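Asker: Keeping their order, the protein sequence lines are chains A and B. Position 44 (the first sequence) corresponds to 74 in my numbering; numbering is contiguous. Position 160 (the second sequence) corresponds to 190 in my numbering; numbering is contiguous.
The hints are simulated quantities; they were obtained by calculation from the structure and are not laboratory data. Given the structure is predicted, the values throughout are model-derived calculations rather than measurements. C-beta atoms are modelled at their ideal positions from N, C-alpha and C, and glycine is treated no differently. Each hint should be verified, as a subset may be incorrect.
A few chain A residues that face chain B, going by a derived Cβ cut-off under 7 Å, partial list only [as the list claims (entries may be wrong)]: (1) P66; (2) L227; (3) Y284; (4) V339; (5) P366.
For reference, the chains in residue letters:
Protein chains: 2
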Amino acid sequence: MSDTLPERTLSGAAYSIAELLEGNDVVLMLDQLRLPNEERYIPLRTCQQMADAIRSMVVRGAPALGIAAAYGMVLAARTGMPLDQAAALLKATRPTAVHVASVVDQMGSIAAGLSGEQLVRRLAAWARQLHQQDVANNRRLGKFGAERLGSVRVVLTHCNAGALATGGYGSALGVIRAAREAGGEVRVLADETRPYLQGARLTAWELAKDGIPVEVITDNSAGWFFSRGEIDAVVVGADRIAANGDVANKIGTYSVACLARMHEVPFFVAAACDTIDMACASGEHVPIEQRAAREVTHIADCRMVPDGVQARYAGFDVTPARLVTAIFTERGVVEPVGPETIRRVVAAGPPPVAR
Amino acid sequence: MSDTLPERTLSGAAYSIAELLEGNDVVLMLDQLRLPNEERYIPLRTCQQMADAIRSMVVRGAPALGIAAAYGMVLAARTGMPLDQAAALLKATRPTAVHVASVVDQMGSIAAGLSGEQLVRRLAAWARQLHQQDVANNRRLGKFGAERLGSVRVVLTHCNAGALATGGYGSALGVIRAAREAGGEVRVLADETRPYLQGARLTAWELAKDGIPVEVITDNSAGWFFSRGEIDAVVVGADRIAANGDVANKIGTYSVACLARMHEVPFFVAAACDTIDMACASGEHVPIEQRAAREVTHIADCRMVPDGVQARYAGFDVTPARLVTAIFTERGVVEPVGPETIRRVVAAGPPPVAR
Numbered sequence: 031m032s033d034t035l036p037e038r039t040l041s042g043a044a045y046s047i048a049e050l051l052e053g054n055d056v057v058l059m060l061d062q063l064r065l066p067n068e069e070r071y072i073p074l075r076t077c078q079q080m081a082d083a084i085r086s087m088v089v090r091g092a093p094a095l096g097i098a099a100a101y102g103m104v105l106a107a108r109t110g111m112p113l114d115q116a117a118a119l120l121k122a123t124r125p126t127a128v129h130v131a132s133v134v135d136q137m138g139s140i141a142a143g144l145s146g147e148q149l150v151r152r153l154a155a156w157a158r159q160l161h162q163q164d165v166a167n168n169r170r171l172g173k174f175g176a177e178r179l180g181s182v183r184v185v186l187t188h189c190n191a192g193a194l195a196t197g198g199y200g201s202a203l204g205v206i207r208a209a210r211e212a213g214g215e216v217r218v219l220a221d222e223t224r225p226y227l228q229g230a231r232l233t234a235w236e237l238a239k240d241g242i243p244v245e246v247i248t249d250n251s252a253g254w255f256f257s258r259g260e261i262d263a264v265v266v267g268a269d270r271i272a273a274n275g276d277v278a279n280k281i282g283t284y285s286v287a288c289l290a291r292m293h294e295v296p297f298f299v300a301a302a303c304d305t306i307d308m309a310c311a312s313g314e315h316v317p318i319e320q321r322a323a324r325e326v327t328h329i330a331d332c333r334m335v336p337d338g339v340q341a342r343y344a345g346f347d348v349t350p351a352r353l354v355t356a357i358f359t360e361r362g363v364v365e366p367v368g369p370e371t372i373r374r375v376v377a378a379g380p381p382p383v384a385r
Numbered sequence: 031m032s033d034t035l036p037e038r039t040l041s042g043a044a045y046s047i048a049e050l051l052e053g054n055d056v057v058l059m060l061d062q063l064r065l066p067n068e069e070r071y072i073p074l075r076t077c078q079q080m081a082d083a084i085r086s087m088v089v090r091g092a093p094a095l096g097i098a099a100a101y102g103m104v105l106a107a108r109t110g111m112p113l114d115q116a117a118a119l120l121k122a123t124r125p126t127a128v129h130v131a132s133v134v135d136q137m138g139s140i141a142a143g144l145s146g147e148q149l150v151r152r153l154a155a156w157a158r159q160l161h162q163q164d165v166a167n168n169r170r171l172g173k174f175g176a177e178r179l180g181s182v183r184v185v186l187t188h189c190n191a192g193a194l195a196t197g198g199y200g201s202a203l204g205v206i207r208a209a210r211e212a213g214g215e216v217r218v219l220a221d222e223t224r225p226y227l228q229g230a231r232l233t234a235w236e237l238a239k240d241g242i243p244v245e246v247i248t249d250n251s252a253g254w255f256f257s258r259g260e261i262d263a264v265v266v267g268a269d270r271i272a273a274n275g276d277v278a279n280k281i282g283t284y285s286v287a288c289l290a291r292m293h294e295v296p297f298f299v300a301a302a303c304d305t306i307d308m309a310c311a312s313g314e315h316v317p318i319e320q321r322a323a324r325e326v327t328h329i330a331d332c333r334m335v336p337d338g339v340q341a342r343y344a345g346f347d348v349t350p351a352r353l354v355t356a357i358f359t360e361r362g363v364v365e366p367v368g369p370e371t372i373r374r375v376v377a378a379g380p381p382p383v384a385r
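So that you can see chain A by itself, here it is in the shape it has in the complex (with noise of 0.2 Å):
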């Protein structure tokens, strides 16, 4: 992507995840693989940069990868390529998520009989509601998260479900920020999270931004905090919530799950209702994403596992309702979880007031 726009921060949100600019032909998005190290926005102009984007990580995290998709479809108008082909195309990056075969639709959907200027600006418009609607929701969903977990004083989260991985603010880490806020004293181990190490590289550096205190462990390493009684709560986020409350979220959840389970530990999962798939019966329905066996064999293009020794590497795995003891959305906390308590919550509808 050769541009000449300056690199900057975005403007009243430290990191937030991406901004489409006034003229709707740039959106500037944060590279988030080069966190830790690196806070470096790139201007994307076209809606095949943005699959590109999704594909290789540069955004990535369930909402995120919703509102990315959404911005995606206004460069798509933006540039006049049919919205049909865009569509495809993003649907095609990442197919766990719910939200980006979800938004996709409901944009062509709101396109029918537009064209031109009016479109662009009908579509970025939604666009940037989705994007708000979706850092209210999270404010929501973790004042309710926080006043359930109440004053526990160390959360396990696996992978980044934070202010990186949604409209801004977070899910799980939505709910630490509004306990912290709440005068609570919770601290985060964040497990690293292979082999992206999603927890490591980003939990850690959005926490540490806000002051809240986190430590990283392997992943390996949770059992033995469990163990040790060191682990008061977990939360984390979700892909996608089939409508039985089974839950896809990133490799590791399920075993974190059982781990918990095992040492009498409440496993609360942090969502907005947008996640929840009530077309996906069962956690068997969702598609599970197969990544390259090359992410787990090298680091940083140094071969760690022998040539010619495969890896298996599924991107995300699914954790069985029965495991989890509540899921936080901004219309409530659903407890205990299941088809009825899932329906109850869809079948509300949004909160009175958006924001």
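Got chain A sorted already, so can you dock chain B onto it with the hints?
Answerer: Structure of chain B alone, referenced to chain A:
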């Protein structure tokens, strides 16, 4: 270490961890930090060099550390270093494995009343015998383990308890080798084992070298493979086994044991009887080595965790006896695992023929 010895592959064992050369003045040691990309042997001429090699993980794995310490004592005798000083130096390197202290203490007793060339020759003969005995033990326990495993298809292992962690042949991987030698079709899933990646670098390397099918998985994937029924049994090694059957082993072993139990998959430990420490009543009494946070926060000198954020990293954890299905030793299979059965196997004494 400046030296002019030609680098070479050890005679008679394609990847023996170390060899004490004939003059008893040089140990050629495989540098495991360079695997899998480079197979390089470095010469060690003093006990201090041996201690440095142990501390920096040129050699690792509990039985291998015992053998390395034995050779270190020979080098001390050869260079005129007081043996009590050598013993203290070696014991301080890595505290969790029982082998270093045990070997060094035994050699102290043997040395009593000896000096000069007689002392060197006596210690060298004892050290070489220890090395050979360990290989013989692994072959015996491997056979017992393979019989107990039966016709399982897929074994998960954690870290490296292979030829590279022992005198040769391996404990956990010795069981795999014995199963293959007996005509079994067993395949291996190897946890990559952060932060040193002993599974990715070492287990994969030595199994691939022997033509045994192996795939590497991230540590956080194990739960997902269990849940899909893709793991039939777990076999790991041990750094120290307490008198009640609790097992100290590489960090992450406890998490795997929990997951195995939740999914009703047998969890086996393979270790020669010199791993059992009858002076250690239970796992709580095993000293757990805390290693430098930098081993987690950095990969190949590149910072993965933001500046100012700490990592917590214990090198080992303890799996309680109740989660261990059986222990494979050179004196037979300990099953069920508890103080009674442990006492019995220790009391049985060594098998009649040493090799």
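Asker: Hint by hint, note whether the structure agrees.
Answerer: Results of checking the hints against the structure:
Interface hint status for A/P66: upheld, as the beta-carbon distance to the closest one in chain B is roughly 4 Å, under 7 Å. Taken as an interface hint, A/L227 checks out: its beta carbon lies about 5 Å from the nearest beta carbon of chain B, inside 7 Å. About 5 Å separates the beta-carbon of A/Y284 from the nearest beta-carbon of chain B, less than 7 Å, and the hint is met. At a threshold of 7 Å, the smallest CB-CB gap from A/V339 to chain B is about 4 Å, leaving the interface hint in force.
Interface restraint check for A/P366: the shortest CB-CB distance to chain B comes to about 20 Å, outside 7 Å, so the restraint is violated.
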